[in-house]
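One letter stands for each residue in the lines below.
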Amino acid sequence: MPKVKVPRKSTAIDMTAMCDVAFLLLTFFILTTKFRPSELAPIDIPNSTAQIPIPDKDIMMFQIAPDGKLFFGLDDQPTRLKLLDRLSSQYQLALSDKQKDAFRTLESWGMDIRQLPAFLEMDPNERAHFQHPGLKIDTTGGEAQIEDLILFSRQENNNLRIAIKGDKSTQYKSFDKLIQALQNRKVNKFNIITSARLAKE
Amino acid sequence: MAEMNTSESGAKKGHKKARSKKMSTRVDLTAMVDLGFLLITFFMLATTFNKPKTMEVNKPAKDDDKKVEEPPIKMSKTLTLMLGNNDKVYWYVSPDEIDANTQLTMDSVDYSSTGLRKVVTTRQNEVQAQWGKKDDLFVMIKPLPTSKLKNTVDVLDEMTINGVTRYAILEPTDPIDSLVALRIGQPRK
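As given, the protein sequences belong to chains A and B, one line each in that order. Under our numbering, the residues of the first sequence are numbered 1 to 201, in order. Under our numbering, the residues of the second sequence are numbered 1001 to 1189, in order.
Everything labelled a hint here was simulated from the structure, so no lab data went into it. Even glycine gets a Cβ: it sits at the ideal position worked out from N, Cα and C. Among the hints, erroneous ones may be present.
Taking CB as the label site, the calculated pair distances span [to be verified]: (1) 1056(B) with 137(A): 20 to 26 Å; (2) 1105(B) with 107(A): 47 to 53 Å; (3) 1112(B) with 34(A): 17 to 23 Å; (4) 122(A) with 1160(B): 40 to 46 Å; (5) 34(A) with 1160(B): 51 to 57 Å; (6) 122(A) with 1183(B): 48 to 54 Å; (7) 1044(B) with 14(A): 22 to 28 Å; (8) 1121(B) with 32(A): 41 to 47 Å.
All chains should be built: construct the whole structure from the sequences, respecting the hints.
In structure tokens, the structure reads:
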């Protein structure tokens, strides 16, 4: 019987299709990834067993640093612009287009609203290293800046949900000041951002 | 592929010209695929593992917003938790009627499962024995100004874990609250 000759096959595989798939997935992940927004102050969020994931859009985010400083942020750029328009008419801020554009890309900020034009005038590098003094909290019954922010943002975007990101060691009184402001604007429902943990036995 | 034949094209076959070598158009894509998958892995891990959760909080509406007067809750159905500044919870159960002989029990516990959770479950059982329904328990959470945000979150968590359906975050305005605050030496406002 003649020997069966096994034909020699090449070990090289065509990688083109695999490469295509890999880069398609890569593109998908790059586009869907949301990068962690720059933090104005390091905030270590508390743990809880809550399982509700944070919604992807329409969020008004308040951040409370351990020392009680308050920062504000909207996730949606068109709403940011509308908010700025409302603020500039309420507080008589004269803003150039360049300043408005700077505000549009501002993730979060915390300062007296009257300081905003000067802050937006800075060059981007300087702005990134600026130490935000925190939103102005009204204690004497003067301008209610936080209340205005809440009211205007909610008027411009009805679906906004309020998220509060506070540090573990923030004192309750700073948290309470924010809640008072929210309740003054009839917001009785909000979300505290926490990281997941399991219930201890 | 990427090479061009610049000479007068190989028209004359027999000529002793250096013939351009036919190169394979295949490139080894293994390294590229490796790189692609490495990056995919990175982005996958970076996205999914860092999603924070949220805890929904409902505050009772302020008094002037209330249109309907609600009947007051019987104090014997309640449990009051006051959150102090040193990771301690001070709890008391206020009696229905306060008279000269009233004895108020107050104790401090920590946030562990043997501390706060035990208080809540004990109280749940007491309410069940007295009123027949565990869900009747109403927990009043009163954080003192110097307590930490973590404490509030922990207590709210404990409510979920123990299945307490009725609870509220309130301000420590009750006379007993000021007494407790005075006793533990922490500011109430």
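Verification of the supplied hints:
no.: 1; hint: 1056(B) with 137(A): 20 to 26 Å; verdict: 24 Å, holds
no.: 2; hint: 1105(B) with 107(A): 47 to 53 Å; verdict: 50 Å, holds
no.: 3; hint: 1112(B) with 34(A): 17 to 23 Å; verdict: 36 Å, violated
no.: 4; hint: 122(A) with 1160(B): 40 to 46 Å; verdict: 45 Å, holds
no.: 5; hint: 34(A) with 1160(B): 51 to 57 Å; verdict: 28 Å, violated
no.: 6; hint: 122(A) with 1183(B): 48 to 54 Å; verdict: 51 Å, holds
no.: 7; hint: 1044(B) with 14(A): 22 to 28 Å; verdict: 26 Å, holds
no.: 8; hint: 1121(B) with 32(A): 41 to 47 Å; verdict: 43 Å, holds
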